Amino acid sequence: AQSVAQPEDQVNVAEGNPLTVKCTYSVSGNPYLFWYVQYPNRGLQFLLKYITGDNLVKGSYGFEAEFNKSQTSFHLKKPSALVSDSALYFCAVKPGSARQLTFGSGTQLTVLP
Amino acid sequence: EAQVTQNPRYLITVTGKKLTVTCSQNMNHEYMSWYRQDPGLGLRQIYYSMNVEVTDKGDVPEGYKVSRKEKRNFPLILESPSPNQTSLYFCASSKGTDSNQPQHFGDGTRLSIL
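Note that the protein sequences, when read in sequence, are chains A and B.
The opening residue of the first sequence carries number 10 in this note's numbering; numbering runs sequentially from there.
The opening residue of the second sequence carries number 62 in this note's numbering; numbering runs sequentially from there.
Chain A with its partners taken away, still in its complex shape (with noise of 0.2 Å):
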């Protein structure tokens, strides 16, 4: 069975730091790594996902995810954060022959003025 760890509940960042939200996996096969962005009384946005191919995922807003196959990672990047960044944000995996998503319990994200 598939499933995915956001280590941590929380995580606060100045406004223009970098940013990091870690994802760990674990899948059998090769995965299907996504992230997205959940604001406040919305649905969840797709911000980038990783099929195959170059290891750093380049997405919406600026955001970035390195997929790491030895240490089963898939951390969620942006090089300078914005306090509009600040949202939940899910990862969620899949075996390739699968059918369904597996969502992290999420991460939020707090860039503080």
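Derived by calculation from the structure, the hints in this document are not laboratory data.
Note that this is a predicted model, so its numbers are computed, not measured.
In this text, a Cβ means the ideal position worked out from N, Cα and C, and glycines have one as well.
Careful, some of the hints might be misleading.
Taking beta-carbon pairs under 7 Å as the criterion, some of the chain A residues facing chain B (in silico) [unchecked claim]: (1) ASN39; (2) TYR41; (3) PRO49; (4) ARG51; (5) GLY52; (6) LEU53; (7) PHE76; (8) PHE112; (9) GLY115; (10) THR116.
Given the structure of chain A, go ahead and fit chain B onto it with the hints provided.
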């Protein structure tokens, strides 16, 4: 505008009173899904559908029903709601017949079962 629309957005009801949450998408997507979101648990899939008349159980299907009679609609039915179904519910859709493509989410339905 491409969107997934859920109704109602908020509902307070009582145990045992049947309710339906509607979901409609205007993107001609094949794949649709229902999730519930609970604090500390992230999103858990209730049911999904790969196309019209094709539905399958997710991780937490107990107490829920779905139907997919038309491509655009995927209602969630609670025939006898109970307090442990109090949650925030999301409908999502994507292209294709699996979940490889990015999913588009509705804005959620907050259900309170008293």
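Subject >> Structure versus earlier hints, numbers of those that do not hold, lowest first >> reply: Hints 1, 3, 7 and 10 not satisfied by this model.
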